[in-house]
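Chemist: Here is what each chain is made of, one letter per residue.
Number of protein chains: 2
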Amino acid sequence: MTGAGEDERLARAWLTRVIEPGDQTGGRWLRELGPVALTRRLGGEGDPLPGVRPARWAGLRSRATHARPEEDLATAHAAGVRFICPGDLEWPAQLDDLGDARPIGLWVRGTPSLRMWALRSVAVVGARACTEYGAHTAAVLGAELAERGWVVVSGGAYGVDGAAHRGALGARGATIAVLACGVDRPYPRGHHELINRIAEQGLVIGELPPGDHPTPSRFVLRNRLIAALTRGTVVVEAAHRSGALSTARSAQRLGRHTMGVPGPVTSALSAGVHELLRGEAVLVTDAAEIGELVGDMGELAPPRHGAFRPRDLLAPATAAVLAALPARGVTTLPDLARSAGTSPDDAVARLYELRSLGFVERHGDGWQLTRQKDHSSKSSHDDP
Amino acid sequence: MTGAGEDERLARAWLTRVIEPGDQTGGRWLRELGPVALTRRLGGEGDPLPGVRPARWAGLRSRATHARPEEDLATAHAAGVRFICPGDLEWPAQLDDLGDARPIGLWVRGTPSLRMWALRSVAVVGARACTEYGAHTAAVLGAELAERGWVVVSGGAYGVDGAAHRGALGARGATIAVLACGVDRPYPRGHHELINRIAEQGLVIGELPPGDHPTPSRFVLRNRLIAALTRGTVVVEAAHRSGALSTARSAQRLGRHTMGVPGPVTSALSAGVHELLRGEAVLVTDAAEIGELVGDMGELAPPRHGAFRPRDLLAPATAAVLAALPARGVTTLPDLARSAGTSPDDAVARLYELRSLGFVERHGDGWQLTRQKDHSSKSSHDDP
Chain A
1 MTGAGEDERL ARAWLTRVIE PGDQTGGRWL RELGPVALTR RLGGEGDPLP GVRPARWAGL
61 RSRATHARPE EDLATAHAAG VRFICPGDLE WPAQLDDLGD ARPIGLWVRG TPSLRMWALR
121 SVAVVGARAC TEYGAHTAAV LGAELAERGW VVVSGGAYGV DGAAHRGALG ARGATIAVLA
181 CGVDRPYPRG HHELINRIAE QGLVIGELPP GDHPTPSRFV LRNRLIAALT RGTVVVEAAH
241 RSGALSTARS AQRLGRHTMG VPGPVTSALS AGVHELLRGE AVLVTDAAEI GELVGDMGEL
301 APPRHGAFRP RDLLAPATAA VLAALPARGV TTLPDLARSA GTSPDDAVAR LYELRSLGFV
361 ERHGDGWQLT RQKDHSSKSS HDDP
Chain B
1 MTGAGEDERL ARAWLTRVIE PGDQTGGRWL RELGPVALTR RLGGEGDPLP GVRPARWAGL
61 RSRATHARPE EDLATAHAAG VRFICPGDLE WPAQLDDLGD ARPIGLWVRG TPSLRMWALR
121 SVAVVGARAC TEYGAHTAAV LGAELAERGW VVVSGGAYGV DGAAHRGALG ARGATIAVLA
181 CGVDRPYPRG HHELINRIAE QGLVIGELPP GDHPTPSRFV LRNRLIAALT RGTVVVEAAH
241 RSGALSTARS AQRLGRHTMG VPGPVTSALS AGVHELLRGE AVLVTDAAEI GELVGDMGEL
301 APPRHGAFRP RDLLAPATAA VLAALPARGV TTLPDLARSA GTSPDDAVAR LYELRSLGFV
361 ERHGDGWQLT RQKDHSSKSS HDDP
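Top line first, the protein sequences correspond to chains A and B.
Taking my numbering, I'd label the letters of the first sequence as residues 1 to 384.
Taking my numbering, I'd label the letters of the second sequence as residues 1 to 384.
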């Protein structure tokens, strides 16, 4: 396996405890010094880093004295959480678009490959205090996007986020929750069950180390990660100055597609979306229109880091599910799980990963290998 | 008074009985032969017009034998309806944009100058079978546009049209109903009272001569007139393939602003509007946004037919209302009507005409002469 060496991984884990997500000065230090040298400087070796106010330097130094990266990695491991770094096979290359605000590393719960899933992902975000209309629309979009093979990314919050995740889960589809806290301590507490279920069927990720708390600025900076990870962001309901609009603005800055679902002009919770739609965002009313905009797998920009051979990147257990599919015809999920020697829940997660790569197709409740001849035209329209 | 001569006026009245609204072949004949020569040819003198199928020619000839323009003009006069022609002072110059589909003439009920009002008009159209949301939104837009000095143009139909007219009337504002039948026989029958009230406080206009009936194609062709007359068209609710969309498409073809009011994606009656908004149309949520788009009086294209001196174009009774306003300060409607020697209803119609020309401003229930110094910045934002 290529990727970050153990020293660098430990240093980056240390840095997620010390530097706030999205801190561009920290990102610049990291780029200029590298993670290991940066931990030494922040740990007190040599001079303070140039251009830092004394109070800020004291804050960083204080955090540094409390950082215990070996413990964090052990806690994470015990909770089924892995730590991935730039350069790792699983690292989503599109996060480079964030420049110096790129995450130092990502803490990840769940089986599928984040890199694979993110390639075919769309963000569905919106107000926490949404209306019934917003919740209904987010749930339908989540389900329909998942049925079409898209991975639904959201923030795990109450309201629109939760409805979008639940819609995807209900369709036995793929979903990723991006948290503004440690992925081992789901926030909000009322979504404990939901986030655990996302971790079982999909992925729960974040920049903060185990046990860390969300803060208002962390919520906002988390939004840039949702925007950067996905091909486009759909805002379902958002009042003026809603946090969901910051995700949309990040998506715009990053050159991702920005979309909005309209609502009644009499609803304050649609006012922020309408504001977006009067600007650059595209009005969408269903999953087909979203898929039309963000495009097919085949339209992806070529990866920047060397040749991209999807089959080589498959985890062994995913490759086992692929190998268990018959050469011709459709098979059912229970049969496939048995052949692959895994649970149906695990198999379905791997099937969606394989589908996102164009290896398999879903037909009603069955799955089959993609017919190569007409793969490009079928990949997003193969639902009954 | 300049404008069409009596021969030409009589010929055009005759032609509105014989040629269907929007008939481009008829429009070409009219352009090539002029109205008087065209009536002679259609009346049977000389050869049939070239390139007309015999059945069509027979239809035109049959209508021609029944045309009684003197009677139509007399009936119209008795019903308080005037007939205006291209070249008349009251003729709206922007109708030239329709080319050979320009109306032959217009039958007009109501006191204000159609030309003056059309200069500052916006169309608000939509579904007949609208939802409560659509009716509410149309009524609010009608009222708010009227309060800002805009003339609200619509088709007098049930649903969105009626709500927009009522909203404008309720704000004692200016509104124009464009009918697909004779303006002396309002259609639909259930809007008899409403259309009479529009004729008292505003204008009721159409291309069809007295007593003529609406037909499906006349409704569609009426829509081009609404689009051409106004600076922009706002669609409030419209299902896929709704007639209101034809108004919007005409507006687009004519280079007018096309706007749509969004609604829930779960509502079939917003689906047509959303379709528009995914194309060229601009999403609007209130009258301020509409006014921002269609612009101030000052931004009007220069008139094409000679110098445009608004004060010279005022009807004597309108000039009397203008003269009755005090040089400084605000006056109330009853006082002003008394000074001008007219009824409050008549005075208010003339005040909106004056306002559309930038002569007067409304302040709550009062009116005053526009302060010249800051006229351009105040003209569309002077409501309390």
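These are computed hints drawn from the structure, not numbers from a lab.
From a predicted model like this one, the values you see are computed outputs, not experimental measurements.
Note that the Cβ used here is the ideal one computed from N, Cα and C, for glycine as well.
It cannot be assumed that every hint is accurate.
Pair ranges (Cβ atoms, derived) [as the list claims (entries may be wrong)]: (1) A/S217 with B/D335: 35 to 43 Å; (2) A/R241 with B/G190: 41 to 49 Å; (3) B/R253 with A/E292: 23 to 31 Å; (4) B/G279 with A/T65: 57 to 65 Å; (5) A/T215 with B/A268: 40 to 48 Å; (6) A/H363 with B/G279: 28 to 36 Å; (7) A/D286 with B/R253: 48 to 56 Å; (8) B/A129 with A/R338: 13 to 21 Å; (9) B/G170 with A/D100: 55 to 63 Å; (10) B/R241 with A/E292: 54 to 62 Å; (11) B/G279 with A/R61: 55 to 63 Å; (12) A/G366 with B/R189: 55 to 63 Å; (13) B/E132 with A/A78: 55 to 63 Å; (14) A/D286 with B/G366: 30 to 38 Å.
Residues of chain A clear of chain B, computed beta-carbon distances all greater than 12 Å [as the list claims (entries may be wrong)]: (15) E8; (16) R56; (17) W57; (18) T137; (19) L194; (20) G260; (21) R278; (22) A281; (23) L283; (24) D286; (25) E289; (26) A315; (27) A327; (28) P344; (29) D345; (30) G358.
Chemist: Could you tell me which of the hints above the structure violates, numbers in ascending order?
Modeler: 1, 7, 8, 10, 14, 18, 20, 21, 22, 23, 24, 25
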